[in-house]
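Q: Turn these sequences into a full structure, and let the hints guide you.
Protein chains in written order, with the working numbering: chain A, 75 to 322; chain B, 17 to 238; chain C, 17 to 238; chain D, 4 to 65; chain E, 68 to 271; chain F, 68 to 271.
Think of the hints as simulated: they come from the structure by calculation, not from any bench.
In this text the structure is predicted, and so the values were computed from the model without any measurement.
In this text, a Cβ means the ideal position worked out from N, Cα and C, and glycines have one as well.
Worth double-checking, as some hints may not be accurate.
[As the list claims (entries may be wrong)] For each label pair, taking beta carbons as the anchor points, the in silico distance ranges come out as:
#, chain 1, residue 1, chain 2, residue 2, range
1, E, 265, F, 136, 50 to 58 Å
2, B, 188, E, 136, 32 to 40 Å
3, B, 22, F, 196, 32 to 40 Å
4, E, 171, D, 55, 29 to 37 Å
5, B, 145, C, 124, 16 to 24 Å
6, E, 136, F, 179, 41 to 49 Å
7, D, 55, E, 265, 44 to 52 Å
8, F, 79, D, 47, 53 to 61 Å
9, D, 47, F, 85, 41 to 49 Å
10, B, 22, D, 55, 27 to 35 Å
11, D, 55, B, 172, 42 to 50 Å
12, B, 140, D, 47, 40 to 48 Å
13, D, 61, F, 73, 30 to 38 Å
14, B, 140, D, 10, 35 to 43 Å
[What the hints assert, rightly or not] Mimicking SDA-like on lysine to any residue, the simulated pairs with C-alpha atoms at most 25 Å apart in a straight line are:
#, chain 1, residue 1, chain 2, residue 2
15, F, 196, B, 29
16, E, 196, F, 235
17, C, 66, B, 28
18, F, 100, F, 235
19, B, 66, A, 197
20, A, 314, F, 196
21, A, 192, B, 29
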Amino acid sequence: MTRRFNLYHFASPATFYPLAGALIPWFAAASVLFGLAGLYLGMLVAPTDFQQGEGYRIIFIHVPASWMSMFIYLVMAFWAAIGLAFNTRLSGMMTQALAPTGALMAFLSLWTGALWGKPMWGTWWVWDARLTSELILLFLYIGYMALVAAIDDPRRADKAGGLLLLVGVVNVPIIYFSVKWWNTLHQGSSVNLTKSSMAETMLWGMLLMAMCFWMYAIAVAFARVRTIMLERERHTDWVKAILAGGEK
Amino acid sequence: MLGVVTAVIARDLKLAMRRQADIVSALFFFIIVVSLFPLGIGPEPDLLRKLAPGVLWVAALLATMLSLPRLFADDHRDGTLEQLALSPHPLGLVVTGKVIAHWLVSGLPLTLIAPVLGIQFDLSTEALLVLTGAILLGTPALSGIGAIGAALTLGLRGGGVLLSLLVLPLYIPVLIFGAGAVDATVSGLGGEGHLSLLGAMTFASLGFAPWASAAALKIALE
Amino acid sequence: MLGVVTAVIARDLKLAMRRQADIVSALFFFIIVVSLFPLGIGPEPDLLRKLAPGVLWVAALLATMLSLPRLFADDHRDGTLEQLALSPHPLGLVVTGKVIAHWLVSGLPLTLIAPVLGIQFDLSTEALLVLTGAILLGTPALSGIGAIGAALTLGLRGGGVLLSLLVLPLYIPVLIFGAGAVDATVSGLGGEGHLSLLGAMTFASLGFAPWASAAALKIALE
Amino acid sequence: MIYWNSFSDFLHMGGYGLYVWGSFGVTAAVMTIEPILVARNRKATLSRLKRQMRAEARNTAE
Amino acid sequence: MLEADNLECVRGERRLFAGIGFKLGPGELLYLKGRNGAGKTSLLRMLIGLLPPEAGEIRWKGEPIKAAGEIFRADLCYLGHLNAIKEELTPLENLMVAARLADETLSEDDALDALEQVGLAGREDLACKYLSQGQKRRVALARLVQERRPLWVLDEPFVALDVAAVDWLAQLISAHLQRGGLAVMTTHQPVDIPAGTVRELGLS
Amino acid sequence: MLEADNLECVRGERRLFAGIGFKLGPGELLYLKGRNGAGKTSLLRMLIGLLPPEAGEIRWKGEPIKAAGEIFRADLCYLGHLNAIKEELTPLENLMVAARLADETLSEDDALDALEQVGLAGREDLACKYLSQGQKRRVALARLVQERRPLWVLDEPFVALDVAAVDWLAQLISAHLQRGGLAVMTTHQPVDIPAGTVRELGLS
Ligand code: HEM
Ligand SMILES: Nc1ncnc2c1ncn2[C@@H]1O[C@H](COP(=O)(O)OP(=O)(O)OP(=O)(O)O)[C@@H](O)[C@H]1O
Ligand SMILES: Nc1ncnc2c1ncn2[C@@H]1O[C@H](COP(=O)(O)OP(=O)(O)OP(=O)(O)O)[C@@H](O)[C@H]1O
Ligand SMILES: [Mg+2]
Ligand SMILES: [Mg+2]
Numbered sequence: 075m076t077r078r079f080n081l082y083h084f085a086s087p088a089t090f091y092p093l094a095g096a097l098i099p100w101f102a103a104a105s106v107l108f109g110l111a112g113l114y115l116g117m118l119v120a121p122t123d124f125q126q127g128e129g130y131r132i133i134f135i136h137v138p139a140s141w142m143s144m145f146i147y148l149v150m151a152f153w154a155a156i157g158l159a160f161n162t163r164l165s166g167m168m169t170q171a172l173a174p175t176g177a178l179m180a181f182l183s184l185w186t187g188a189l190w191g192k193p194m195w196g197t198w199w200v201w202d203a204r205l206t207s208e209l210i211l212l213f214l215y216i217g218y219m220a221l222v223a224a225i226d227d228p229r230r231a232d233k234a235g236g237l238l239l240l241v242g243v244v245n246v247p248i249i250y251f252s253v254k255w256w257n258t259l260h261q262g263s264s265v266n267l268t269k270s271s272m273a274e275t276m277l278w279g280m281l282l283m284a285m286c287f288w289m290y291a292i293a294v295a296f297a298r299v300r301t302i303m304l305e306r307e308r309h310t311d312w313v314k315a316i317l318a319g320g321e322k
Numbered sequence: 017m018l019g020v021v022t023a024v025i026a027r028d029l030k031l032a033m034r035r036q037a038d039i040v041s042a043l044f045f046f047i048i049v050v051s052l053f054p055l056g057i058g059p060e061p062d063l064l065r066k067l068a069p070g071v072l073w074v075a076a077l078l079a080t081m082l083s084l085p086r087l088f089a090d091d092h093r094d095g096t097l098e099q100l101a102l103s104p105h106p107l108g109l110v111v112t113g114k115v116i117a118h119w120l121v122s123g124l125p126l127t128l129i130a131p132v133l134g135i136q137f138d139l140s141t142e143a144l145l146v147l148t149g150a151i152l153l154g155t156p157a158l159s160g161i162g163a164i165g166a167a168l169t170l171g172l173r174g175g176g177v178l179l180s181l182l183v184l185p186l187y188i189p190v191l192i193f194g195a196g197a198v199d200a201t202v203s204g205l206g207g208e209g210h211l212s213l214l215g216a217m218t219f220a221s222l223g224f225a226p227w228a229s230a231a232a233l234k235i236a237l238e
Numbered sequence: 017m018l019g020v021v022t023a024v025i026a027r028d029l030k031l032a033m034r035r036q037a038d039i040v041s042a043l044f045f046f047i048i049v050v051s052l053f054p055l056g057i058g059p060e061p062d063l064l065r066k067l068a069p070g071v072l073w074v075a076a077l078l079a080t081m082l083s084l085p086r087l088f089a090d091d092h093r094d095g096t097l098e099q100l101a102l103s104p105h106p107l108g109l110v111v112t113g114k115v116i117a118h119w120l121v122s123g124l125p126l127t128l129i130a131p132v133l134g135i136q137f138d139l140s141t142e143a144l145l146v147l148t149g150a151i152l153l154g155t156p157a158l159s160g161i162g163a164i165g166a167a168l169t170l171g172l173r174g175g176g177v178l179l180s181l182l183v184l185p186l187y188i189p190v191l192i193f194g195a196g197a198v199d200a201t202v203s204g205l206g207g208e209g210h211l212s213l214l215g216a217m218t219f220a221s222l223g224f225a226p227w228a229s230a231a232a233l234k235i236a237l238e
Numbered sequence: 004m005i006y007w008n009s010f011s012d013f014l015h016m017g018g019y020g021l022y023v024w025g026s027f028g029v030t031a032a033v034m035t036i037e038p039i040l041v042a043r044n045r046k047a048t049l050s051r052l053k054r055q056m057r058a059e060a061r062n063t064a065e
Numbered sequence: 068m069l070e071a072d073n074l075e076c077v078r079g080e081r082r083l084f085a086g087i088g089f090k091l092g093p094g095e096l097l098y099l100k101g102r103n104g105a106g107k108t109s110l111l112r113m114l115i116g117l118l119p120p121e122a123g124e125i126r127w128k129g130e131p132i133k134a135a136g137e138i139f140r141a142d143l144c145y146l147g148h149l150n151a152i153k154e155e156l157t158p159l160e161n162l163m164v165a166a167r168l169a170d171e172t173l174s175e176d177d178a179l180d181a182l183e184q185v186g187l188a189g190r191e192d193l194a195c196k197y198l199s200q201g202q203k204r205r206v207a208l209a210r211l212v213q214e215r216r217p218l219w220v221l222d223e224p225f226v227a228l229d230v231a232a233v234d235w236l237a238q239l240i241s242a243h244l245q246r247g248g249l250a251v252m253t254t255h256q257p258v259d260i261p262a263g264t265v266r267e268l269g270l271s
Numbered sequence: 068m069l070e071a072d073n074l075e076c077v078r079g080e081r082r083l084f085a086g087i088g089f090k091l092g093p094g095e096l097l098y099l100k101g102r103n104g105a106g107k108t109s110l111l112r113m114l115i116g117l118l119p120p121e122a123g124e125i126r127w128k129g130e131p132i133k134a135a136g137e138i139f140r141a142d143l144c145y146l147g148h149l150n151a152i153k154e155e156l157t158p159l160e161n162l163m164v165a166a167r168l169a170d171e172t173l174s175e176d177d178a179l180d181a182l183e184q185v186g187l188a189g190r191e192d193l194a195c196k197y198l199s200q201g202q203k204r205r206v207a208l209a210r211l212v213q214e215r216r217p218l219w220v221l222d223e224p225f226v227a228l229d230v231a232a233v234d235w236l237a238q239l240i241s242a243h244l245q246r247g248g249l250a251v252m253t254t255h256q257p258v259d260i261p262a263g264t265v266r267e268l269g270l271s
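A: Here's what the structure looks like:
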């Protein structure tokens, strides 16, 4: 018992709860700062795109949202693997806390993409591989949330949800590489480590916005995981102490 | 007399809320099936626009059908159906309540989401309106006819698939007029005729289906 | 070691024969869905020929999916699944047997009837051959992946609809390559690439899916 | 430094105003509503758990 | 009040029984006996009108039950092998819904009281799927606490109950009989029900 | 042979029991007692490895059952609330299929013999869905007739059985114990099983 406690010290809710609480303001502040900087560069400084006009400015949220939607799924799958392998309680709570944010990111990617597609391609939606697989990603998020919600026993829900996440993770590379594998309407990757085809300011604006989204996702997920922890661990002494202590 | 109808509706809605997954998933099934077709067929917008009403209607039909097996099966398995049959009300009224609740949980959400999916297929505003109206008018008939099939196959192990076998042929008129209404609008012929036929079907099936289902249920309980 | 696989296959086939309705109805569902489309869309032969692979694949996918909920549910409800989990064999092997039996009862009949339906859509002989080959190669993957979904949703009241929500997204690659193979043949590009990808998917999912399902079943039995 | 000549140009976005501001608006809305919902949920959970704990304490005291 | 004449039951190709008849008046208990598969459940389902008899007739207050229809069903309370409770609902909700559908008025206090009597205090708000076998049976039995209909038909009501619950239920049936009710019952467990007249009917 | 240490069971938010432990040797019967909902079924499912305990350990022949895995399961015979029979198959087919899946050899004659012992002679070829409650239970019990595995775990085996069948089953368990088998059992009915050592374990 004591040995296990040491081994999983940081994965133990009792330690993670206050840690997350202390970190949230920092991530939130970072998100705001990155966001302001990114918006300044992207919306005020960056010049127009000679092909797409001002409409291209949607890129400053479309691309970060798309990235985050895939990245969050990968993180959830990572936690799920940890959870199934080592039976840690924290991992199930983390995946559940991340899922709604991931789904929202997928939704934002679709929404901004659609609003971009209308002026660029003349239609809100086409059924090409990239767009479709992003839609599937949204379904995967929703499927995960529905499955977890349908199982009442939290431990069973964690295990079943984790399994689903691991099975579904094959979709992420498909989305990412779909533009390479099929030739489609959608733009290919333009951020490249060696040589970037974008104007410098645009690139910086986009990267700053990506950081903003990333920090935002961490802050929100931490806030959500804290609530889930209270709910799940309500019979443990540390939660009782917090409740009795009248935390704000 | 009508008290029992509202009591049944209230009960079934409460159960649906308790499960939640039910409502959300019938809807998502609809969305997913609609999205499958472009994947199988390819992305050409012109082709897709032609397909839209047919695909949407077939998907609505399948989504309704998929939720049918559970219309009576749960009540049968846990013995509640026997109790309903033994209640002092005519069984037909009880079934009316269940059919209405089924539509509220499956048909109504489909109606609300249909226009959004229509946009994905690039339909015009007018076509969208007619599509939504047709689905609103047609889905109660789907629930009603479906109830008969669900009652007839109750307790049979062939279950869901046998049910669809019985019910799909009966759904075909609804499908034809439902998709036809949109087609007629798109081609400028006006969909009113189709719509009023749909309305008549719904009306007839809501009056008749509960009593046929009740008779089938009594046989299943023997 | 493999004795248990054949024992499970034999048992499931015997049960399917006893019910009969099962085999026949999955097939008829397939046929009916395929026939619904011309009804919803209209009779133009050119249009229909374009649609054929997509429609056939979507119908195959839905027919498979419809039979999934009962893959484990019957055994769960009557307690047989517990006994299987307690048998001295690895549960993964038992599930392998069930997946194979499921394919024999649902996938194989579809494969056999597909060319006949293809003729109705006026497909060329070559396209028919590729279509049949694709369905033969692809349906085992559908059974395998479906087993995971069926195991994950076992005993949940959301039931069939939640299952389709989970499984359909995972079916999409099979759909794309399956329909793609026929399209590629029709447009003269040759469908071999698609077919070998399908084969790879089937191979991978038959190796991996039973064990994932077994893990999910153990969770469901807790 | 700043690329725009006037505020109305900025709003107009070279004719793409509707699309650009539609995207940014919804994103901003989502990113403000989500934290608010999380915070509300947290408050509700805390008060519910406190109530439950008090009820339990009363039950065991009896 | 409840009369059966010359009943015959055929299932598949097997004649389970024939020529069964009885009369049951107020305050009387009919105790069906017989080994497994003798046809007790089948006879009960005949009595409540779910299974049409091959031959013979069943009358309630002098009228054939088929003709009496809704009047008969309004006088009847049946408890079968199955519990007829919804697993998603809590015991309290189950009671309230059942009463509403059976056209009875039941206040929440009465329902809570009934649940307490069957020993489910503290579980009123837990979905029934989490209850143990015996607890589920108790939820089904809680319906009987407030039940004032004259005819009770109970198919193995004691199954899955622990000793205390068996005693409690025997008392409840006994009280129903003393109020002038009728009861038809099967059980394999030897249970002692204090009642004025106990008729036994053996199926073999 | 079967040992349990300090078992704890939590369902939902309720701790059903904690600190339960016992040792059971060959020829011994463990009799679980407790009111409805005490956690008997949960404990049995823990013992056979279907429900992971919250804390504590279960050992078979000195090895934790999780590690023993297939070896443990090959020594185990479990009969739950549910009968684990297929309604479409006949009693005979059910027995043969169950034996084959459990990796046992069972000749058709032996199976027919077992069915006759449980009183199903003449119903070997009727699909199980037509059988009465008690007859279904008897099909499930027929598995035990030929069963020679050392550990039997039985959850309310007497439910729905008539008096004759209850006696027969008690004899069968007793014979198993005399052969040096172990048995763990729950039941609410007072049944007398002649056995060397009967341990009782009360859950409350
Ligand atoms: C609903 C429709 C759309 C969806 C679901 C979608 C999805 C995605 C995804 C997932 C990414 C990130 C993957 C990556 O970085 O390679 C992405 C990036 C991108 N998208 Fe979209 N997109 C949509 C519409 C559009 C439209 C209409 C345009 C422009 C005409 C567009 C332009 C871009 C660009 C430029 C990138 C960045 C690529 C890069 O630099 O790596 N997208 N989109
Ligand atoms: N199709 C059929 N063919 C032959 N026999 C049948 C058929 N259907 C039912 N039976 C027989 O009818 C009887 C059903 O009896 P019923 O369920 O009424 O018994 P019961 O007295 O309630 O028994 P138990 O005490 O086990 O509950 C069984 O003996 C069964 O074998
Ligand atoms: N999610 C949950 N929350 C609270 N209590 C639960 C939950 N799930 C199960 N329980 C409780 O766990 C117990 C289950 O016990 P179990 O089925 O093992 O009882 P049992 O001793 O076998 O009873 P019986 O004699 O009625 O068969 C019940 O008391 C039930 O109320
Ligand atoms: Mg009976
Ligand atoms: Mg129990």
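Q: Could you run down the list of hints and mark each one as holding or not?
A: Consistency of the hints with the structure:
Distance hint check for residue 265 of chain E and residue 136 of chain F: the Cβ-Cβ separation is about 54 Å, which falls inside the suggested range of 50 to 58 Å. In this structure, residue 188 of chain B and residue 136 of chain E meet the distance hint of 32 to 40 Å, their C-beta atoms being roughly 37 Å apart. One distance hint, 32 to 40 Å for the beta-carbon pair residue 22 of chain B and residue 196 of chain F, holds here, with the actual separation near 36 Å. Between residue 171 of chain E and residue 55 of chain D the beta carbon distance is about 33 Å. The supplied range of 29 to 37 Å therefore holds.
Checked against the given bound of 16 to 24 Å, the beta carbons of residue 145 of chain B and residue 124 of chain C, roughly 45 Å apart, lie outside it. For the pair residue 136 of chain E and residue 179 of chain F, the beta carbons lie near 47 Å from each other, so the given range of 41 to 49 Å is met. For residue 55 of chain D and residue 265 of chain E, the hinted distance range of 44 to 52 Å is satisfied, since their beta carbons lie about 49 Å from each other. In this structure the hint that residue 79 of chain F and residue 47 of chain D lie 53 to 61 Å apart at CB is violated, the actual value being about 21 Å.
Roughly 32 Å separates the CB atoms of residue 47 of chain D and residue 85 of chain F, a value that falls outside the hinted 41 to 49 Å. As the Cβ distance of residue 22 of chain B to residue 55 of chain D is approximately 34 Å, the hint placing it in 27 to 35 Å holds. Our hint of 42 to 50 Å for residue 55 of chain D and residue 172 of chain B holds, since their Cβ atoms are close to 46 Å apart. For residue 140 of chain B paired with residue 47 of chain D, a C-beta distance near 45 Å keeps the hint of 40 to 48 Å intact.
For residue 61 of chain D and residue 73 of chain F, the hinted distance range of 30 to 38 Å is satisfied, since their beta carbons lie about 31 Å from each other. For residue 140 of chain B and residue 10 of chain D, the hinted distance range of 35 to 43 Å is satisfied, since their beta carbons lie about 36 Å from each other. Between residue 196 of chain F and residue 29 of chain B the CA atoms are separated by roughly 32 Å; this puts the pair beyond 25 Å, and the hint is violated. As the CA atoms of residue 196 of chain E and residue 235 of chain F are separated by approximately 33 Å, the hinted pair breaks the 25 Å bound.
As the CA atoms of residue 66 of chain C and residue 28 of chain B are separated by approximately 43 Å, the hinted pair breaks the 25 Å bound. Pair hint residue 100 of chain F plus residue 235 of chain F holds up; C-alpha atoms about 22 Å apart against a cutoff of 25 Å. For the given pair, residue 66 of chain B sits about 16 Å from residue 197 of chain A by alpha-carbon distance, which is consistent with the 25 Å threshold. In summary, the hint linking residue 314 of chain A to residue 196 of chain F is not supported, as the alpha carbons are separated by about 52 Å, beyond the 25 Å threshold.
Our distance criterion of 25 Å between C-alpha atoms is broken by residue 192 of chain A and residue 29 of chain B, whose separation comes to about 40 Å.
Checked against the numbered hints above, the structure violates hints 5, 8, 9, 15, 16, 17, 20, 21; every other hint is satisfied.
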